[in-house]
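Chains as they are written, first to last, in our numbering: chain A, 1 to 113; chain B, 1 to 114.
Because the hints were derived from the structure by calculation, they are not lab data. Just so you know, not all the hints are guaranteed correct.
[Said to hold, decoys possible] Calculated cross-link-like contacts (lysine-lysine; reagent style PhoX-like; alpha-carbon spacing at most 20 Å):
(1) 68(B) - 56(B)
(2) 20(A) - 64(A)
(3) 71(B) - 56(B)
(4) 41(A) - 42(B)
(5) 42(A) - 14(A)
(6) 42(B) - 20(A)
(7) 42(A) - 55(A)
(8) 42(A) - 42(B)
(9) 66(A) - 14(A)
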Amino acid sequence: GAVVSQHPSRVICKSGTSVKIECRSLDFQATTMFWYRQFPKKSLMLMATSNEGSKATYEQGVEKDKFLINHASLTLSTLTVTSAHPEDSSFYICSAPGPHGYTFGSGTRLTVV
Amino acid sequence: GESVGLHLPTLSVQEGDNSIINCAYSNSASDYFIWYKQESGKGPQFIIDIRSNMDKRQGQRVTVLLNKTVKHLSLQIAATQPGDSAVYFCAENMGWGSARQLTFGSGTQLTVLP
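Build the full structure now, drawing on both the sequences and the hints.
Structure representation (structure tokens):
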């Protein structure tokens, strides 16, 4: 079946540094990638939608300069958390519409210290 | 905006019993619904889906019921097993062709008791 590979699964970084999260579609082309953020014991909240070859669409309240999204190819979308702060600590998940429905990455646990 | 919500945040069931997880949605234009299972520290895992032209769909040990009249969705798990313990989310979508993003409900934590 369709697989979205997300890396890293866990990352700890210092405040002020940037962290890049990658999502790759392994056996299908993902022209669209959805990026979600999830707080403990909460639901998934859509942050932005990336589209290959065009600018990402951000949800209301999500800082574009804070969460940089790049969709450089049909199989790769990246989310960069810039100048990370402790309040950015969260679980980040990507998802792509694939041939068998929406496929989710395994998530990235970001901890900013 | 319209949103999807769940009735119960937690549900505990005895191993072997049937589980029923409910979801209410408010977007009458939604035509596609999905149930996901999420284990701790992992991404959501597809369980079963249903389109609005159906009112019931069965999978392996799972059944999804859709009542469009009252905008209600339920997930039934038969003979619940310890491995079913997880958070379950319903999600709605307004159409596949537009690759519209999914809107998730708040989730129900299912705990299977031995």
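So, going through the hints one by one against the coordinates:
Restraint check for residue 68(B) and residue 56(B): the C-alpha separation of about 11 Å stays at or below 20 Å, so the hint holds. Under the criterion of a C-alpha separation no larger than 20 Å, the hint pairing residue 20(A) with residue 64(A) is consistent with the structure, at around 15 Å. At most 20 Å may separate the alpha-carbon atoms for a hinted pair to count; residue 71(B) and residue 56(B) meet this at roughly 14 Å. Taking the CA atoms of residue 41(A) and residue 42(B), the gap is near 13 Å; set against the 20 Å cutoff, the hint holds.
For the hint linking residue 42(A) to residue 14(A), the alpha-carbon distance of about 25 Å lies beyond 20 Å, and the restraint is violated. Note on residue 42(B) and residue 20(A): the hinted pairing holds, with a Cα-Cα distance of about 18 Å set against a maximum of 20 Å. Our distance criterion of 20 Å between C-alpha atoms is broken by residue 42(A) and residue 55(A), whose separation comes to about 28 Å. In summary, the hint linking residue 42(A) to residue 42(B) is supported, as the alpha carbons are separated by about 14 Å, within the 20 Å threshold.
A threshold of 20 Å between alpha carbons decides the hint, and for residue 66(A) with residue 14(A) the separation of about 15 Å falls inside it, so the pair holds.
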